[in-house]
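Please work from the sequences and hints to get the whole structure.
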Amino acid sequence: MSQKLRYAYYPGCSGQGTSKEYEQSTRAVCEALGMELVDIPDWSCCGSSPAHTVDHRLSSALSGRNLALAERLEGVSAILTPCPSCLTNLKVSAHKMKDPEFAAEVNALLDFPVRNTLPVKSILQAIYEDVGPDALRPKAVRLLTGLKLAPYYGCIMNRPPHIMEFDDHENPIAMDQLMEAIGAEAVTFPLKVECCGASFGVARRDIVQKLSGKLLDTAASNGADAVVTACPLCQMNLDLRQDQINVANNTSHNMPVFYYTQLIGLALGMTPSQVGLEKLEVSPMALLESLPARAEAQAQAAKKPASKGAQS
Amino acid sequence: MNVIALSHSQDRDFIAQVEKESGQNVSLCYQCGNCTAGCPYTFVYDIPVHQMMRLLQAGQKEALLSCRSVWLCATCQSCTTRCPNNIDVAHIVDVLRHMARREGYSTEYGVKSFVDSFLESVEKNGRAFEMGLLLRFIGKTGRFWTDVDLAPKILPKGKLSPLPHKVKNPEAIAKIFERFRQECQK
Numbered sequence: 001m002s003q004k005l006r007y008a009y010y011p012g013c014s015g016q017g018t019s020k021e022y023e024q025s026t027r028a029v030c031e032a033l034g035m036e037l038v039d040i041p042d043w044s045c046c047g048s049s050p051a052h053t054v055d056h057r058l059s060s061a062l063s064g065r066n067l068a069l070a071e072r073l074e075g076v077s078a079i080l081t082p083c084p085s086c087l088t089n090l091k092v093s094a095h096k097m098k099d100p101e102f103a104a105e106v107n108a109l110l111d112f113p114v115r116n117t118l119p120v121k122s123i124l125q126a127i128y129e130d131v132g133p134d135a136l137r138p139k140a141v142r143l144l145t146g147l148k149l150a151p152y153y154g155c156i157m158n159r160p161p162h163i164m165e166f167d168d169h170e171n172p173i174a175m176d177q178l179m180e181a182i183g184a185e186a187v188t189f190p191l192k193v194e195c196c197g198a199s200f201g202v203a204r205r206d207i208v209q210k211l212s213g214k215l216l217d218t219a220a221s222n223g224a225d226a227v228v229t230a231c232p233l234c235q236m237n238l239d240l241r242q243d244q245i246n247v248a249n250n251t252s253h254n255m256p257v258f259y260y261t262q263l264i265g266l267a268l269g270m271t272p273s274q275v276g277l278e279k280l281e282v283s284p285m286a287l288l289e290s291l292p293a294r295a296e297a298q299a300q301a302a303k304k305p306a307s308k309g310a311q312s
Numbered sequence: 001m002n003v004i005a006l007s008h009s010q011d012r013d014f015i016a017q018v019e020k021e022s023g024q025n026v027s028l029c030y031q032c033g034n035c036t037a038g039c040p041y042t043f044v045y046d047i048p049v050h051q052m053m054r055l056l057q058a059g060q061k062e063a064l065l066s067c068r069s070v071w072l073c074a075t076c077q078s079c080t081t082r083c084p085n086n087i088d089v090a091h092i093v094d095v096l097r098h099m100a101r102r103e104g105y106s107t108e109y110g111v112k113s114f115v116d117s118f119l120e121s122v123e124k125n126g127r128a129f130e131m132g133l134l135l136r137f138i139g140k141t142g143r144f145w146t147d148v149d150l151a152p153k154i155l156p157k158g159k160l161s162p163l164p165h166k167v168k169n170p171e172a173i174a175k176i177f178e179r180f181r182q183e184c185q186k
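Just so you know, the protein sequences line up as chains A and B, in that order.
Residues 1 to 312, numbered by the working numbering, are exactly what the first sequence covers, in order.
Residues 1 to 186, numbered by the working numbering, are exactly what the second sequence covers, in order.
Incorrect hints may appear among the rest.
[Stated by the list, open to error] Covered by chain B, per the in silico footprint, the following chain A stretches (three or more residues, Cβ under 8 Å): (1) 12 to 18; (2) 30 to 44; (3) 48 to 60; (4) 153 to 166.
Note that these hints are calculated values from the structure, not bench results.
Heads up, the beta-carbon is just placed ideally off N, CA and C, and yes, glycines get one too.
Printed below as a string of structure tokens:
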């Protein structure tokens, strides 16, 4: 890390609203890790899923405006965004615009053209690749020992692999390793890349209740205390809609759903309010307060066989 | 089983149009069923995704553009990622949805209304305005009870702004939509 880490930053619309705590903890963690985020001036909506379901030129133009604005910034190595939906849109439009004919159609909709010169990455990818779990570990002043997490990446952080070009598309491990670096345990979670029901919560809530319900059931049955995610929509479906899910499926989950940046922030010594824990619907405070006792119990359990061995 | 008389009903222009817009070769599909096996949405689809691919090979335009599945695909990319023949299946479904829209279908009216509400919000403000788009959706569909149970949960958290976070120059975004509509009319 001899080079200064400086990036163009695309916050995304949900960061101004339903995922404020993701935005807040992302900025705090990046600052603490020496990653400079330069906001794309007057960034606009990437179009999200709705735009690409209507037309690919429109979708790429809405994303493309932001790519073009980012390209005007000086000394940035990549465009970063915390949101997988923004990430997909920005990456797909950059990918499709490698075709000159398509690029011309998109540029015709824009005030100034996209040059397609900067790579687009998730904040997760930048933390994982440019900082890394090994550099994060010694910075953790408060290990989250005893915390069992279901690492949930969501469906589009890694898929399709030829466009997303990050981690494994069936069994991603970046977030697992970052969580382990701060002392938490990533439990086996076979639904790491399954869909949560996406943006159907408003129009077809039954879909989200079924798919997100399955995620919570699987996390619980694999021994997780909480889910950790990198996606605002996944987080909202699992957290804000958890009561709806419980009623629909006759379950009684009371499972906190963290953003991975909130947990890294805590480990780096930030307070709960600095990472916006009070903005989560299912309160994680009792769980977090139980961690020191759990860590103690784990340490005792680890000592026992060793001391037995020493005696014999 | 659904039997189709191909000699009478195969719309070859439709197949060619889907291939052109998606950049995919639909004849590569050999019906292994991997897409449907991994699709989380099969439980709400009227036509499972591998059957959509087969209907596409058979040029069954009306059956495809009028089905629910095209609206209920979330583009989660499972089918595309797992296709052994590297067909971008999710892209094909996206293109079918574009065509269904252009030809006036709205088999899942709620889903279409949500998409429309979202994009209207972006066209007006330059950014998605969550509270505003929910109200637009309710206005379009008359579903006044949509997520009312969530209001007491989310409002005290101070996450939902009653006013949009606009870009400095919303006209710049509105112009993108305007030019797009002009292009579509050409």
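Evaluated hints:
Counting residues of the segment 12 to 18 of chain A whose C-beta sits closer than 8 Å to any C-beta of chain B gives 5, which meets the bar of three, so the coverage hint holds. A count of 3 residues in the segment 30 to 44 of chain A with a Cβ less than 8 Å from any Cβ of chain B is obtained; the coverage claim is therefore met, three being the minimum. Interface restraint, the segment 48 to 60 of chain A with chain B: holds (11 residues with C-beta to C-beta distance below 8 Å; minimum three). Here's how the segment 153 to 166 of chain A fares: 5 of its residues keep a CB closer than 8 Å to some CB of chain B, so the rule of at least three is met and the hint holds.
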